[in-house]
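Each chain, written out:
2 protein chains.
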Amino acid sequence: MTNIEITTDPAERGYLRIATEEAWSPQEVMDEWARMIRADEGGQGFHSLIGHYTTSDSARARFVREGLVSADELRLGHMAAGGVDHAILSLTSPGTQVFSVDTAREMARLSNDCLAEICRDNPQRFSGMASVGWEDAGTAVKELERAVGDLGLKGLMLNSHIKGHYLDEQQFWPVLEACEALDVPLYLHPQTPNDDIISTFYDAGLDGSVFGFQVETSLHALKMITSGVFDRYPNLRMVLGHMGEGLPFWAYRLDYMHGGMVRSGRYEVIKKLDRTITEYLQQNVWITSSGMPAPEPILFTRKVVGADRVMYAMDYPYNYEPAEVAMQESIPFTPAERKAFFQDIAIDVFGLDRDAIGAV
Amino acid sequence: MTNIEITTDPAERGYLRIATEEAWSPQEVMDEWARMIRADEGGQGFHSLIGHYTTSDSARARFVREGLVSADELRLGHMAAGGVDHAILSLTSPGTQVFSVDTAREMARLSNDCLAEICRDNPQRFSGMASVGWEDAGTAVKELERAVGDLGLKGLMLNSHIKGHYLDEQQFWPVLEACEALDVPLYLHPQTPNDDIISTFYDAGLDGSVFGFQVETSLHALKMITSGVFDRYPNLRMVLGHMGEGLPFWAYRLDYMHGGMVRSGRYEVIKKLDRTITEYLQQNVWITSSGMPAPEPILFTRKVVGADRVMYAMDYPYNYEPAEVAMQESIPFTPAERKAFFQDIAIDVFGLDRDAIGAV
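Protein sequences appear in the order of chains U and X. So for the first sequence, my numbering puts the first residue at 1; every next one is plus one. So for the second sequence, my numbering puts the first residue at 361; every next one is plus one.
All the given hints hold, so there is nothing to weed out.
Dumping the calculated SDA-like pairs for lysine to any residue here, alpha-carbon to alpha-carbon at most 25 Å:
(1) K631/X with T55/U
(2) K631/X with N595/X
(3) K632/X with H47/U
(4) K663/X with P295/U
(5) K632/X with Y320/U
(6) K663/X with E296/U
Since the hints were made in silico from the structure, they are not lab data. On a predicted model such as this, the values are computed, not experimentally measured, just so you know.
Isolated chain U, as found in the complex (with noise of 0.2 Å):
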């Protein structure tokens, strides 16, 4: 039942499901990531995350494995399936962000070229996002110039921390100066809480994506708005999955309690922004439903910030479940809500091509 529901034709259904933060990774990238666990580099959270789903025996762990280095039969048989029409592929969590600056230079590049060959073979199934070597920003603006203009991937990815280090940090703004000249996405993907502050999740085993990683990420998110990325950047558009990584639900509290520290002057990090923190969600951030398929929270997260803000992923090969896109069609959308949560949006915030992909 559930199967016939959701692999309808397009035309017939009204709309594309364009899924707008699916996870791949080139076979060497992985490579170098088995490498690093088995040298013993990289640190916690890497080897947490990555030395599971390289090395177990488990079939989640061999599903994503063999998930993530498909673009070909394998993933359009799961897209077939999950009815899953056009999927936006990056480099999957942690990206570069755990190489040596000149390992993540390279590994950018192979993998921007890789990803720029399966959009070419198949226009209609794939679009991609850029990777960059954050810790050289100067060829990280570079790299995102080429990747974008000559390669003609669609946004930037960027899995939380570098090595401890985020995006409310002067050294990173080129990059960010970048995305707002060349008016693509960044896309801020989790990772697992960075080594100084991972331990209490680790040691009860919630550091990974069952929580730890949306800590992470809203702590992210968070940093870049409350130190003023945005008042610097007001034209950066910010991507989240998750349902925004929870920071919708906090909306309210994020405002009282922050603009109460800003009155105190508890901290001298916490400046007058230039917008309320809610503000900030409704015009810099779009968010995507990845592995938050539950109608509740997607229809909550709507109405703080926005229905034209929030779209539709599947976060395969982490969360394929079909039943996932059944249970998003039931959600009581008009169609023209239906149509934009599933294809429109993204079409807009990633700039797709609607001619190429076969959008209805």
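Please arrange chain X on chain U, whose structure you already have, making use of the hints.
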């Protein structure tokens, strides 16, 4: 306008407003905290939280400092102006949890005696929750029995971590067993993140009630659930403030990813539980609106955990906003739902005496 609406007579209104997470402290505890601040004792999270409120000259810090120690005209005046008829008081964060074992034991006893006297003097306006010195579990159990049995206190307050330790640790189980046996709720209240995980939050000015509080407290609640505390004590009742510290928003993902971890065997500490995480939220947890008065999160949370588990709190003196009472009065409840939200659920959860408090 707002004040006219919220200060109606309870009989005419049809229910009391019972505020369930109202912060208070004996002057002796405030003085001991202030001494520790001056002596540079107690750690980074304690200094961040209490250093501000005991020493800052800002209007907000002064308001909080004066409100905390009051159970007389000042607080009663604010309750009247805010339309709160009855307040369940508890020792404010971090409670006894930064003191030495001996001082914690003494201060818990002092706090319980003092709070019991406040409640005896004005049973219509005040109920209270007990404190204990957690690191000496044997004495803590006896003190809880005394506070509930002899003094008439209505629950046990815990301000999250106990010097970096959490209630999943066996050393604290006797206290949980006593809560279950006495049938009093455990209120799990925020504190700054423990000193092992506070750095990134603190450096960004985000360790307090704006964000770090909810990370710390949701982590604590989740550790309790995933470690099997509620399988061991299935009748233990836990209250979470701040709309469940965000956990209801994550219900689907918590269940999905926890299930994945159980199947893959990724962590030794993650085991199959008797129920889903959502079911513990629906069966062992009650939730208050402290600091989260916005209608949308309240309505959302009721849908996830059940309408009969979500009740009113103000979070005085940290949140003292009559407009927030009006905001919650504006929620499109039926009369019976509104009565339950403001009055009846609190009476049931804390076992309040309807006649003594003047329930409608």
